[in-house]
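**Student:** Here is how the chains run, residue by residue.
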Amino acid sequence: MQLNPSEISDLIKSQIEKYEPETEARTEGTIVSLTDGIARIHGLADAMSYEMLEFPGNTFGLALNLERDSVGAVILGPYTHLSEGDSVKCTGRVLEVPIGEGLLGRVVDSLGQPIDGKGPIEATETSPIEKVAPGVIERKSVDQPVQTGLKAIDAMVPVGRGQRELIIGDRQTGKSAIAIDAIINQKGTGVKCVYVAVGQKASTVAGVVRKLEEHGAMEHTIVVAATAADSAALQFIAPYSGCTMGEYFRDRGEDALIIYDDLTKQAWAYRQVSLLLRRPPGREAYPGDVFYLHSRLLERASRINAEEVERITNGEVKGKTGSLTAFPIIETQGGDVSAFVPTNVISITDGQIFLEADLFNSGIRPAINAGLSVSRVGGAAQTKIIKKLGGGVRLALAQYRELAAFAQFASDLDESTRKQLERGERVTELMKQPQYTPLSTAEMAASLFAANEGYLDDVEANRVVAFEAALHSYMKSSQQALSEKINTEANFNDEVAQSLHDALKDFKANHTW
Amino acid sequence: MAGETTTIARPYAEAIFGRASESDKLDHWSDMLGLLSALVQDARVAAAISNPKLESSQRIALMQDICGEHLDAEGQNLVRLLVRNGRLGVLPEIAALYEGLKNESQGTIDVQVVSAYEMTQDQEDKLAAALKKRLDRDIRVTSEINSELIGGVLIRAGDLVIDGSVQGRLRKLATELGI
Chain A
1 MQLNPSEISD LIKSQIEKYE PETEARTEGT IVSLTDGIAR IHGLADAMSY EMLEFPGNTF
61 GLALNLERDS VGAVILGPYT HLSEGDSVKC TGRVLEVPIG EGLLGRVVDS LGQPIDGKGP
121 IEATETSPIE KVAPGVIERK SVDQPVQTGL KAIDAMVPVG RGQRELIIGD RQTGKSAIAI
181 DAIINQKGTG VKCVYVAVGQ KASTVAGVVR KLEEHGAMEH TIVVAATAAD SAALQFIAPY
241 SGCTMGEYFR DRGEDALIIY DDLTKQAWAY RQVSLLLRRP PGREAYPGDV FYLHSRLLER
301 ASRINAEEVE RITNGEVKGK TGSLTAFPII ETQGGDVSAF VPTNVISITD GQIFLEADLF
361 NSGIRPAINA GLSVSRVGGA AQTKIIKKLG GGVRLALAQY RELAAFAQFA SDLDESTRKQ
421 LERGERVTEL MKQPQYTPLS TAEMAASLFA ANEGYLDDVE ANRVVAFEAA LHSYMKSSQQ
481 ALSEKINTEA NFNDEVAQSL HDALKDFKAN HTW
Chain B
514 MAGETTTIAR PYAEAIFGRA SESDKLDHWS DMLGLLSALV QDARVAAAIS NPKLESSQRI
574 ALMQDICGEH LDAEGQNLVR LLVRNGRLGV LPEIAALYEG LKNESQGTID VQVVSAYEMT
634 QDQEDKLAAA LKKRLDRDIR VTSEINSELI GGVLIRAGDL VIDGSVQGRL RKLATELGI
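Chains as they are written, first to last, in the numbering used here: chain A, 1 to 513; chain B, 514 to 692.
Next up, chain B with everything else stripped away, as it sits in the complex (with noise of 0.2 Å):
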């Protein structure tokens, strides 16, 4: 994620948002994005889309006919435009950004949590609702378990990082001992 893209992404993505907030359809566009985004990072379409042997209009083809029925019209437009514009690379970033202001305007937020062992559902839900309070938000959890943080939790929504792992704290024992 650069810092520059996300600044091409942002007009696109407020303006898709936009739209599908006018017609109703924040699902179907999370959908398609999120297709989109997942063809032009495979290897293989990446390579064909920058190839420059290949006309816009053949591009726009590639793309249309991959997705087959799953693009609507307006979907195509968007295709169309961004060929257009050159625009392609900046999928993934828009689909992103879109997924951010959707679950701004339903408040919710994605939570990534991390443990070092396997929580059992009883805290889960327990963490589930401390964080609601906390970020004052829907929360959709998302749990992974990486036994390098030796025990605890760590905790991402957005930019915000709560890191109660032993992990963490032994690192910041370290720093305040300038180790």
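In isolation and in its complexed conformation, chain A is listed as follows (with noise of 0.2 Å):
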């Protein structure tokens, strides 16, 4: 870790203004057993459940079980150096997180310690790991929509502000570039993102950081990191860490993205942690809590009021409803969408996007499932412009599909069928889109007008995607009075229609592609 001299002098001189050296009365305890990351302590009567426990050479562990003669611990980080008879501490806390804006831009571990080598964080506040999430009464519908920048998914499946939306699908089918590109989207809008990794390659999280640095999303985002090296522990009290950091901006009356890449992983480590800890194992070996697990933490994604917002900040911020909208990840095996933790998870979000290895493999890309795929309250909070023009674009896409599949076996066709397979082979061209390259609300309204107006119907299928890339460089260069007030207005009337219509005409009179 690089460090400047006065950083570590302000460090030390906060450290000791805040340090009071009272006496300090603690039960302790000693080490009976310690296994793969798993302390039996003896003693500690009175520890409570999720509290932070001391151990020797500045190591903490998590009381999770409360026996009647001993409490059985996870000690989060090595444990190597700690031995049987060892002492341990109440410390009278539960586990806490640093949050605040200082967090933006940096990649911290499950405990909020910085691991980016670019010096300690900026953060003056803490807050606790587990939080119950806000009742119903503090709450507020969803009716913002989170642009993602992927025509597929704001036309298909839009998410709204306070949303929970599902990323399902097998490995190796974008679901994480899918997550990225939403962060990558949220540049300038205010909307704050966190990326929780769990049981990822530490190289794979590195990808991820380079990539947002390269694409200015970094200053907006906190990366929070629990790879595959970390213990079992640390992984699965990621999300939960996570969360808090952007429940801050929630109840600051701001707008926060939290996508946790993945869920199963959690769910594994959950497992393994339930399995030492000599909890009875379930279904697939998985205790009988991990639907609580899950749950409780989607629970508090969610959209609060005004009210709740002024009552959180003590009326420092007025007017203003806070929301925190998940992207959850999780990974199929085979496409099996009914196994345990895939299940559990899709019964407790607000929809699904399902992507599919096929049609990743076919060169669909996003390889999204427009018939599997839904979301469950974006309707209310879609741009109106995109739910105006993308409105048929799912349902026509999932009849394209079957209607294709039974074409194939058909010598001649009427002329309706036949037409509708044209206009469901360019939708599906023109729904492709690649990586790191969001749209903006008047890139992806010209696409999706040239598609239900007809101007692709004499394009070549296969020229779609190099048609959609012409007409957004004319957009940008042609038509930036147009752009802008779609952008801004986000509304579709007969003006916006009509200067529509002109455009294109324009741009396919006297343009090539």
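For the record, the hints were derived by calculation from the structure and aren't laboratory data. The beta carbon of each residue, even a glycine, is placed where N, CA and C say it ideally should be. Incorrect hints may appear among the rest.
Okay, the calculated beta carbon distance ranges per label pair [what the hints assert, rightly or not]:
| no. | chain 1 | residue 1 | chain 2 | residue 2 | range |
| --- | --- | --- | --- | --- | --- |
| 1 | A | 283 | B | 653 | 50 to 60 Å |
| 2 | B | 543 | A | 125 | 45 to 55 Å |
| 3 | B | 535 | A | 125 | 50 to 60 Å |
| 4 | A | 118 | B | 620 | 50 to 60 Å |
| 5 | B | 543 | A | 85 | 25 to 35 Å |
Two chains, two frames, some hints: make the complex.
**Tutor:** In structure tokens:
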């Protein structure tokens, strides 16, 4: 870790100011056994559930099992220096992480400690990682959109601020790619992002951070990383830590977006901890509370009303609602969504984006299955113009896929079926979008409008991608006023429709693709 | 002191305590359990009682021979019971739990005071009075000297640890600074 000298002395100064040499009275226990990061401790009669325990050598643990004669605790971090007979102290505090603006742009571990070599975190406040989600009275319904910048998602499965939208699919189907694009698209919108990486390779996390930096998206993002090398305990608490950091913004009347990448691995880590704590295994060897593990986490992603924000901030922020939108990611094995954890999370969330390996391999990226992907609340929150123009896309695509499979066996088709197939083929092409290129509302509207109004019908299916790219650059260079208008007002009326008609006619007449 | 043996020892300790209160022999039982637990912790005895060649009756005889008249009839019954259940090994735990129960019923607690330097009688009295008030019990103080504390005192009463030593403060400062 690189530190400049002033930082060190500032740190020491603040620590000395805070330091109170009070005589401490704490309960103490003894480690009886220590296996695989789980310590069984005798004593500690008044330990609380989820209390931080202090082990020798500046090591901390988390009391999870409170039994009659012993306490089962997971050790957060390395534990090779501990041994049987070491004394363990209660700290009287539940596990907390630092929160605040100072975390933005930083990469931290599950405990909020920096791991990016940029010095200490400038955060004065801390907050417990486990909190109860806002109740019914404090909430407000979701009616503002989160633009992911991906046509396929914003048109077919729109996500609102405060929604929980699951991203589910096999390995290598572009789950994380969607999440990263969504983060990049939040640049300049004021939405703060938290990316929680659980059980991933450290190299993958480093790659994500580098991509975010390249696209200027790190300034509004916190990365919480519990890599595959970290202990299972750290992997299992990482989503809660990230959620607490995101809630800071929600509770101050801002909007935040959190990505849990991925909850399957978190469930694995929790299963490991639970089995080592000798809790009884259930289906697929997960403990009995694996549903609650995810439901209590995802309930915290919510939109809260202005009164609640005012109450939390003691009247500092007035008239603003706060939201925390969650994109949990679940990895399936061989497309099996009926496994234990996928079904649980599907039932908890407000919809899912279902990614398919077959689509991905046939070049349709993002590989979204239009039939199985839904958003249960997003329609109310969709941008007006996209809602109007993209309304039929999901249904049309789903029907096209069915028809296409059926039409393979038919020798000659009637006119309307053939037309539907051709339209579907072009819309499928249109929904393709390369990574790291989120689109603005105007660009998306132009593409959807072209498809709806039949401007694509005389474009060869394999030229649709090129057509769209040329159209976007035309919109950018020659139709600035119109783009600006759509981006700011996001409204669709006859005037906008006429302007789009004119623009497309002009484009088709004078440009090549 | 292992968590699991505590669970095994608890019913024995509670039973003995119940019997001792009924027959008003709390101190007598205390002595007997102290002797027995010291006995099974002795390396030679421990080796003998865990020797698989020995039969249960021989083990009982061995224990009774060593204890002689220190064990009364009920004490001998306890030994027999423990041998039959194969629980002689938890005797130290039973003794500790029994002492805890006894202290609780008598409203006393054992307090260990560790200090860096030897304390004067006046200091000890003051400390004892303060602890009595804090813990709301009669206390039995055992003191110890450990120069590693550098200064101040460290008080242990059961699970509760009151760390007023210089060493403890330095360690706390180190934790605050993250070293």
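**Student:** Does 50 to 60 Å hold as the CB distance between residue 118(A) and residue 620(B), or does it fail?
**Tutor:** Holds: the Cβ-Cβ distance is about 58 Å, inside 50 to 60 Å.
**Student:** Would you say the C-beta atoms of residue 535(B) and residue 125(A) sit inside 50 to 60 Å of each other?
**Tutor:** 58 Å, holds
**Student:** Look at the Cβ atoms of residue 543(B) and residue 125(A) and judge whether their distance stays inside 45 to 55 Å.
**Tutor:** 53 Å, holds
**Student:** Okay, residue 283(A) versus residue 653(B) on CB: inside 50 to 60 Å?
**Tutor:** Given a distance of about 54 Å, which is inside 50 to 60 Å, the answer is holds.
**Student:** Go ahead and decide if the range 25 to 35 Å is satisfied by the Cβ distance of residue 543(B) to residue 85(A).
**Tutor:** 27 Å, holds
Hint check: no violations occur; every hint is consistent with the structure.
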